[in-house]
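Enquirer: Listed below are the residues making up each chain.
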Amino acid sequence: MDVLYFAWVRERIGLPKERIETNAATVSDLVAELSAREERYAAAFSDLSALRVALDQELSDFDAPLSGVREVAFFPPMTGG
Amino acid sequence: MRIAVQEQEFDLGAEANAFAAGDNANGAIVTFTGVVRDLASGDLDVMEIEHYPGMTERALTKIAQEAQMRWSLGDVLVIHRHGRLAPGDRIMMVATASPHRKDAFEAAEYLMDYLKSRAPFWKKEITTSGADWVAAKDEDEDALTRW
Chain C
0 MDVLYFAWVR ERIGLPKERI ETNAATVSDL VAELSAREER YAAAFSDLSA
50 LRVALDQELS DFDAPLSGVR EVAFFPPMTG G
Chain E
0 MRIAVQEQEF DLGAEANAFA AGDNANGAIV TFTGVVRDLA SGDLDVMEIE
50 HYPGMTERAL TKIAQEAQMR WSLGDVLVIH RHGRLAPGDR IMMVATASPH
100 RKDAFEAAEY LMDYLKSRAP FWKKEITTSG ADWVAAKDED EDALTRW
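Quick note, the sequences are listed as chains C and E, same order. Residue 30 in numbering that gives the first Met the number 0 sits at position 31 of the first sequence; the count goes up by one each step and never skips. Residue 20 in numbering that gives the first Met the number 0 sits at position 21 of the second sequence; the count goes up by one each step and never skips.
Honestly, the hints are just simulated from the structure, not real lab data. Keep in mind the model is a prediction, meaning the values are calculated, not measured. For each residue, glycine too, the CB sits at the ideal point set by N, CA and C. Hints may be right or wrong, so weigh each one.
Unchecked claim - Listed next, the in silico EDC-like pairs over lysine to aspartate or glutamate satisfying Cα-Cα at most 16 Å (straight line):
1) E:61 x C:10
2) E:123 x C:10
3) E:61 x C:55
4) C:16 x E:49
Stated by the list, open to error - Label pairs and their computed distance ranges (CB to CB):
5) E:130 x C:38: 20 to 30 Å
6) E:134 x C:41: 38 to 48 Å
7) C:11 x E:88: 40 to 50 Å
8) E:138 x C:46: 40 to 50 Å
9) C:24 x E:129: 18 to 28 Å
10) E:100 x C:34: 49 to 59 Å
11) C:67 x E:60: 20 to 30 Å
12) E:138 x C:11: 20 to 30 Å
13) E:42 x C:19: 37 to 47 Å
14) E:65 x C:1: 19 to 29 Å
Said to hold, decoys possible - Short derived list, chain E residues pointing at chain C, Cβ under 8 Å:
15) 53
16) 57
17) 79
18) 83
19) 87
20) 89
21) 104
22) 116
23) 117
24) 120
25) 121
26) 125
27) 129
Please put together the full structure from these sequences, using the hints given.
Expert: Shown next, in the form of structure tokens:
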């Protein structure tokens, strides 16, 4: 699946988008998998209350299942307007 | 309904006139415009607005459709810019047309409340001394509970 990062999450991880092969069942599982991979991910995901997640461009939550999902995006709370 | 997510400037007067043109059924048109505000210290150089192409348009469309279901609206317009803006630049506008003003005002407020915290935009303030992401405010999230 494609994993996208925006705003300071993108800056902390160091890239806007990457393709990840994973068997993670939920968003939380994916977060744990990425955090275990490298420190920069662990740093970006250290406080999930400061993050939001979208699955296939719809806002979702961290216990949502990933089955069938093609695009996951992590970002801070939005500041439009 | 028109949703535009764009980097380039927009002409507020031209947009408002085009929105109102040829519409005899709607007696009330409300427009709201958001402008880049300088910091209290007066040293904001650039406001950089990042967004999530694809999701942004979907989220704005969904918010506008919800407004159309809740209020009697003849039309809805949302324009939101992204990229590098300077203090005084217009960031975004919404316009609502309705037979009566209460619906037009309320729907415009609803659109603003939702696009502040449910449309995937992020603002970064760049000054001579550095750059900071604008944090979301609790009051913006709280504002959604009134709807």
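Enquirer: Do the numbers back the hint for residue 121 of chain E, that is, is its least Cβ distance to chain C under 8 Å?
Expert: 4 Å, holds
Enquirer: Taking the closest Cβ pair, is residue 129 of chain E under 8 Å from chain C?
Expert: 13 Å, violated
Enquirer: Is 20 to 30 Å a correct range for the gap between the Cβ atoms of residue 138 of chain E and residue 11 of chain C?
Expert: Because 26 Å falls inside the window, the suggested range holds.
Enquirer: Against the 16 Å threshold, does the CA-CA distance of residue 61 of chain E and residue 10 of chain C hold or violate the hint?
Expert: 29 Å, violated
Enquirer: Can you tell me whether the CB distance of residue 42 of chain E to residue 19 of chain C sits inside 37 to 47 Å?
Expert: 40 Å, holds
Enquirer: Report holds or violated for the interface hint on residue 87 of chain E, using the least CB-CB distance to chain C and a cut-off of 8 Å.
Expert: 17 Å, violated
Enquirer: Going by Cβ atoms only, is residue 104 of chain E closer than 8 Å to chain C?
Expert: With Cβ-Cβ at 17 Å, over 8 Å, it is violated.
Enquirer: For residue 61 of chain E and residue 55 of chain C, compute the direct alpha-carbon distance and say whether it is at most 16 Å.
Expert: Holds, at about 15 Å.
Enquirer: Is the hint on residue 53 of chain E kept, meaning its closest Cβ partner in chain C is under 8 Å away?
Expert: 6 Å, holds
Enquirer: Against chain C, is residue 89 of chain E within 8 Å by beta-carbon distance?
Expert: 12 Å, violated
Enquirer: Go ahead and decide if the range 49 to 59 Å is satisfied by the Cβ distance of residue 100 of chain E to residue 34 of chain C.
Expert: With Cβ atoms ~51 Å apart, the hint holds.
Enquirer: Given a cut of 8 Å on the nearest C-beta pair, is the interface hint for residue 125 of chain E held or broken against chain C?
Expert: Status violated, d = 13 Å.
Comparing the model with each numbered hint stated earlier shows that hints 1, 6, 7, 8, 9, 18, 19, 20, 21, 26, 27 do not hold.
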